[in-house]
Each structure stands twice: as C-alpha cells, then as structure tokens.
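J.: Sequence:
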Amino acid sequence: MQLAVTTPSRLWEGAALRLRQSGLHYDEIVETIGSVLDPQLEDCVAVMLMPGQIDGCTLELFQVNSAARPGIAPVN
Numbered sequence: 001m002q003l004a005v006t007t008p009s010r011l012w013e014g015a016a017l018r019l020r021q022s023g024l025h026y027d028e029i030v031e032t033i034g035s036v037l038d039p040q041l042e043d044c045v046a047v048m049l050m051p052g053q054i055d056g057c058t059l060e061l062f063q064v065n066s067a068a069r070p071g072i073a074p075v076n
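Letter by letter, the sequence shown follows residues 1 to 76 in my numbering.
Treat the hints with care, since some could be wrong.
[Claimed, not checked] Here are the computed distance ranges between Cβ atoms for each label pair: (1) Ala4 - Gly56: 18 to 24 Å; (2) Gly52 - Leu3: 24 to 30 Å; (3) Asp55 - Arg10: 29 to 35 Å; (4) Gly56 - Ser9: 35 to 41 Å.
Note that these hints are calculated values from the structure, not bench results.
C-beta atoms are modelled at their ideal positions from N, C-alpha and C, and glycine is treated no differently.
Produce the entire structure from the sequences given, and follow the hints as far as they go.
T.: Listed below in structure tokens is the structure:
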C-alpha cells in the first residue's frame, strides 16, 4: 500500500481519537504519535491501520515505514 499524507494534522487527529478511545490520555498520545504540530507520521498511520484482535491469533509484528521516492525527501 502506498499513501501520501496530504494533511498531517487530520491524520494526527484521527490517530489521537483512536488512541483516546483505547484509554490513553493526552500525554500518552503525544508520547506515542507526537504532537499535532509535530506528528510522527509513520506512527499515526500505524495507529490508523492497526488491525483489531483476530480470534485465535497473536499479532507478532506490525510495522509501517516511510518509503521516500527518488528526489523527494521523506516527511518525518
């Protein structure tokens, strides 16, 4: 899957909402995905894409990486 983050603040808000719904407080959210002014984009995307519990399975690895295209600097 390839995503282009066009509005980092909206991505952060969606991820923050999901984390709040899971019981995290604001300080824990900022520690997890950065602040709205300096979002950790890979972490925000990971929060949004993280699958729910799968019956009979344990999630062992879930990873989101930034893949910069040639000539385009990655956004962190």
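J.: Indicate, hint by hint, whether the structure satisfies it.
T.: Here is how each hint holds up against the structure:
1. Ala4 - Gly56: 18 to 24 Å: Given about 35 Å between the Cβ atoms, the range is violated.
2. Gly52 - Leu3: 24 to 30 Å: Since Gly52 and Leu3 have Cβ atoms about 20 Å apart, the given range 24 to 30 Å is violated.
3. Asp55 - Arg10: 29 to 35 Å: 32 Å, holds
4. Gly56 - Ser9: 35 to 41 Å: Check passed, 38 Å falls within 35 to 41 Å.
Hints 1 and 2 from the list above are not met by this structure, while the remaining hints are.
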